[in-house]
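Visitor: Each chain is listed here by its residues.
2 protein chains.
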Amino acid sequence: MKVYLAGPEVFLPNAREVLDAKIALARRYGFTPVSPGDLEVTAYEFKRAHGLAISAVNEKLMLSAEMIIANLTPFRGIAADVGTVYELGFMCARGCPAYGFSNVAKTHFERLKGYYGGAVHPDAQGRPRGPDGLAVEDFDMADNLMLDGGIEARGGALVTREVAGDRLFLDLGAFEECLVLAARRLLASTAR
Amino acid sequence: MKVYLAGPEVFLPNAREVLDAKIALARRYGFTPVSPGDLEVTAYEFKRAHGLAISAVNEKLMLSAEMIIANLTPFRGIAADVGTVYELGFMCARGCPAYGFSNVAKTHFERLKGYYGGAVHPDAQGRPRGPDGLAVEDFDMADNLMLDGGIEARGGALVTREVAGDRLFLDLGAFEECLVLAARRLLASTAR
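Order-wise, the sequence lines are chains A and B.
For the first sequence, my numbering assigns the number 1373 to the initial residue and increments by one for each residue that follows.
For the second sequence, my numbering assigns the number 1373 to the initial residue and increments by one for each residue that follows.
For the record, the hints were derived by calculation from the structure and aren't laboratory data.
A hint or two may mislead.
The list cannot tell twin chains apart, which means a pair is met if one copy fits it or any two copies do.
[Stated by the list, open to error] Straight-line C-alpha distance at most 27 Å; calculated DSSO-like pairs for lysine-lysine:
#	residue 1	residue 2
1	Lys1432	Lys1419
2	Lys1419	Lys1478
3	Lys1374	Lys1485
4	Lys1485	Lys1419
5	Lys1419	Lys1374
Please work from the sequences and hints to get the whole structure.
Guide: So, in structure tokens, the structure goes:
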């Protein structure tokens, strides 16, 4: 089964190395991995054309895959990388099994409490809000409910664990747990 | 044509009022709008079950729609709201016309330069990176290339404009521009 390995690893200084480690691990569990950055994109004269070409290649890779494992570790802020989230929504709409992982164990609610310096309080209807008036989701979830919900609705799982700060985008333990779960599910379905 | 109005407006203190204004505007351009929050969700005893129920309702609403207009204004950070981005990817995978808008005119690259306090410099391969080593996309785009790319590949547009800070999630000018573009496109396709 072909699996799309989505995640912000493409932005790392050692992107190729980390992607190769993920690819090797996915193969070990019997999957055929594809990931953003697998295909060379022609360099265009205009920046925007170049960006559009990369987007087109990634969509093509997704359409070739039957499953997604998305790295949803908070990226440059309190939420998952939006490029990865686009890809998660894309694969969920296609009805593909979807798995996610985050190397931050704190829930979405806990991270938002941190973001607001603890100043999250229930409004008159009992809904938690930050000092800016924005509602804070409190659903025991790793990120926005569309992400956790999309994954769960496709029979997947969102695995979280806390890793050392300098291993935030390098530790593959939670990623491997997704592979274990996905391989087990595949085995169970083929055994039926 | 039924259009899904995605966006973080659902978190505003006056969410219903803003959603109703968007709905009224969409109707004026001949669309049948649906938006997250349109359907009441049964309150569940367990938080997570409640969140999953909301996710399921939103996915159902998306499946009932043929087009999306997503509010991609940076939300609690430098990027779009991840719930909205999930929905954008979802509708793009379904091949629906997709439009986006942002009430922040700065590009993704400019916002990231701000995030890094200006310390974005090209690496040995000429690729811009922040002081943490992470690559910074520089593609003249409003957000991550998957968002801009997904919208453009579906013939849509990502409209940006700068609004006053206190109108960041209230100003509907860019949203209305999406409606104008979508209505014009629909007219052109039916006239053919």
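Visitor: Taking the hints in turn, state whether each one holds.
Guide: Hint by hint, here is what the structure shows:
Proximity of Lys1432 to Lys1419 under the C-alpha cut-off of 27 Å is restricted to the intra-copy arrangement: shortest distance 20 Å within a copy versus 37 Å between copies. With identical chains, the CA atoms of Lys1419 and Lys1478 are at most 27 Å apart between copies only, with a shortest distance of 16 Å across copies and 37 Å within one. For the homomeric pair Lys1374 and Lys1485, neither the shortest alpha-carbon distance inside one copy (38 Å) nor that between copies (36 Å) is at most 27 Å. For the identical chains of this complex, Lys1485 and Lys1419 are inter-copy neighbours only, at 17 Å across copies versus 38 Å inside a copy, given an alpha-carbon limit of 27 Å.
In this assembly of identical chains, Lys1419 and Lys1374 lie within 27 Å of each other by CA distance neither inside one copy nor across copies; the values are 31 Å within and 34 Å between.
Going down the numbered hints, you'll see the structure goes against 3, 5, while the others check out.
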